[in-house]
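Line by line, the protein sequences give chains U and H. Position 131, counted from 1, in the first sequence is what this note's numbering calls 131; the numbers after and before it change by one each time, with no gaps. Position 281, counted from 1, in the second sequence is what this note's numbering calls 281; the numbers after and before it change by one each time, with no gaps.
Please note: incorrect hints may appear among the correct ones.
Unchecked claim - So the derived list for chain U, only partly shown, Cβ under 8 Å to chain H, looks like this:
(1) V36
(2) P37
(3) A39
(4) T44
(5) A46
(6) R55
(7) E115
(8) V121
(9) A124
(10) I126
(11) R128
Hints in this document: simulated from the structure, not taken from any laboratory. Backbone N, C-alpha and C define an ideal beta-carbon position, used for all residues, glycine too.
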Amino acid sequence: MSTNAGVAADDAERVADKAAQPSGVASSQPHRGTAVPAAPVIATLAWRELARFFRQRNRVIGAFVQPVLFWLLFSSALGVEGAAGYTRFFPGTLAMIILFTAIFATISIIEDRNEGFLQGVLVAPIPRWAMVLGKVVGGASIAMIQAGVFLVLGWVTLADVAPTPLGAAAAVLLSACLAVALTGLGFLIAWRMDSTQGFHAIMSVFLLPMWFLSTAFFPQESGGVVGAVVHANPLSFAVAGLRHNLQPGDAVAGLPPYAACWAVTLAFAAMMLAACWWIAGTRSRGDFVS
Amino acid sequence: MPAVTLRDIAYRYGDREAIRGLSLDVEAGESFALLGPNGSGKTTLFPLLSTLAPKQRGEAAVFCADLRTQADAVRAVLGVVFQAPSLDKRLSVAENLLCHGRLYGLGGADLRSRVTEMLGRLGLGDRAGEAVETLSGGLRRRVELAKGLLHRPRLLVLDEPSTGLDPAARSDLWRYLQQVQQEQGVTVIATTHILEEAERADRIAIMHEGRLAALDTPANLQASVGGDAITIRTADPAGMVADINARWPGADAAMVDGAVRLEQENGAEWAPRLFAEFNGRIDELTIGKPTLEDVFIARTGHRFFGSQPEGAA
Numbered sequence: 001m002s003t004n005a006g007v008a009a010d011d012a013e014r015v016a017d018k019a020a021q022p023s024g025v026a027s028s029q030p031h032r033g034t035a036v037p038a039a040p041v042i043a044t045l046a047w048r049e050l051a052r053f054f055r056q057r058n059r060v061i062g063a064f065v066q067p068v069l070f071w072l073l074f075s076s077a078l079g080v081e082g083a084a085g086y087t088r089f090f091p092g093t094l095a096m097i098i099l100f101t102a103i104f105a106t107i108s109i110i111e112d113r114n115e116g117f118l119q120g121v122l123v124a125p126i127p128r129w130a131m132v133l134g135k136v137v138g139g140a141s142i143a144m145i146q147a148g149v150f151l152v153l154g155w156v157t158l159a160d161v162a163p164t165p166l167g168a169a170a171a172v173l174l175s176a177c178l179a180v181a182l183t184g185l186g187f188l189i190a191w192r193m194d195s196t197q198g199f200h201a202i203m204s205v206f207l208l209p210m211w212f213l214s215t216a217f218f219p220q221e222s223g224g225v226v227g228a229v230v231h232a233n234p235l236s237f238a239v240a241g242l243r244h245n246l247q248p249g250d251a252v253a254g255l256p257p258y259a260a261c262w263a264v265t266l267a268f269a270a271m272m273l274a275a276c277w278w279i280a281g282t283r284s285r286g287d288f289v290s
Numbered sequence: 001m002p003a004v005t006l007r008d009i010a011y012r013y014g015d016r017e018a019i020r021g022l023s024l025d026v027e028a029g030e031s032f033a034l035l036g037p038n039g040s041g042k043t044t045l046f047p048l049l050s051t052l053a054p055k056q057r058g059e060a061a062v063f064c065a066d067l068r069t070q071a072d073a074v075r076a077v078l079g080v081v082f083q084a085p086s087l088d089k090r091l092s093v094a095e096n097l098l099c100h101g102r103l104y105g106l107g108g109a110d111l112r113s114r115v116t117e118m119l120g121r122l123g124l125g126d127r128a129g130e131a132v133e134t135l136s137g138g139l140r141r142r143v144e145l146a147k148g149l150l151h152r153p154r155l156l157v158l159d160e161p162s163t164g165l166d167p168a169a170r171s172d173l174w175r176y177l178q179q180v181q182q183e184q185g186v187t188v189i190a191t192t193h194i195l196e197e198a199e200r201a202d203r204i205a206i207m208h209e210g211r212l213a214a215l216d217t218p219a220n221l222q223a224s225v226g227g228d229a230i231t232i233r234t235a236d237p238a239g240m241v242a243d244i245n246a247r248w249p250g251a252d253a254a255m256v257d258g259a260v261r262l263e264q265e266n267g268a269e270w271a272p273r274l275f276a277e278f279n280g281r282i283d284e285l286t287i288g289k290p291t292l293e294d295v296f297i298a299r300t301g302h303r304f305f306g307s308q309p310e311g312a313a
């Protein structure tokens, strides 16, 4: 059929076919080569995030300077008499480093969209959850590089940060869960955005308060509205968990139980991943860069 | 089995209908041009074909796999070359292709040899290690093409493929597309607003205001206009149209974009007749074999360019 005139005849044929083929012009037979293995896809997309990160020198410098700067702040503050309270902020600062790096890493999804790379990924025969995981694992890895630098510096030099090796390993794992959760949150925010400016606006009205209104900053026993928010904030549980791992002893008095810290952080990560999977499955005109 | 089947496709943005009931088939193995000016609907059709935008009405299938319900099956056989770049500028040419190959389930030695082969075929062999951001626009387009073909798709769709290419590079591109089509049997669909580009395709679908205005081979389309196209530039085209039609009923002169146009079997015989009748009123008279633009005018009553308000794309 090569002209419009043929359509009517063909339509009649198609209607007859419909009984056998529920999807009309499409056959219901299975098609070959539709299942692309997910693991290499996730690894490739995560590798790409890291490759891009290490090729932008200012990002790499920033990533290493920031934890060192914070560590200097802590170690010098400790030298001041009566400043031992500052160590309280060590786990919270670790969480902050992860929060900012993880979420900023997902800004790249806006760049991917605007620069057109994303549309190439979206037309590939890959499951959307594999794309989400690739992006999240990549972003979380970058966050963990920074968190690792900060953690090691603190462990080696700060007297009040004295985890057992097991505690340190648990802290790294918990940090990784938090990094996944927060990268997922960033993905969720960034997916439908078309400008990085918009992302920064969300950053200041939502993410910054999220950090402030957690046990990173406020004590667990705060009351009132602030206390309620602090209690409900999943970040509080991650910070508390890190305290359990890094500062055993007096510092953990009054914190939520350790198991609850893990449960909430894991649930937070799982929920964020599920939400990312859902949002990445929605299609819109914005997927197409014209 | 047709490569693409579209039935009664419609798409609207708010109140504006971009595609209004489009039906067509693209046969497997042919090269097919979707020709239309900006705003004709072809730019809307591309995201539908490339599985990026959901169709709103009608049925669409690629090799009998439904575009919506069997999107992964469609994606597996589809190669897409977007008009906007889709390369990661910070990665090298080879890394971009390796990355792309893994998204299509390729890997290992097979993938590496395909990348080498593809780069060689497109004359990019010595650029493999260069970052994409250091390449010129023309070379980037070639990498885009390599990317679209790396996984050996059965259907290659290209959106305005010669955007940003000089005429020589455009010619190279089409020669390569023809090679791929003939050697590997790849079905090629390209949207274009460039008439000369469309002429290289086996068949052309001319789109106008969201509908199919014509669909045939370039030769048949041009033959369908018939005879020669005579265009007269004059100070008073409306007056001359009336005079011609009064003098020769059936001449079927019409005013198109400020000029007088008529199509006649034998243009060479008409020229002296017209000059004898309207001596002094004719500023310029041209006789030509019908072009695709003439086809477009004949089918739509509009000139190819300027047939839509700005920003309607």
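Violations among the numbered hints, reported as their numbers in ascending order
Violated: hints 3, 5, 11.
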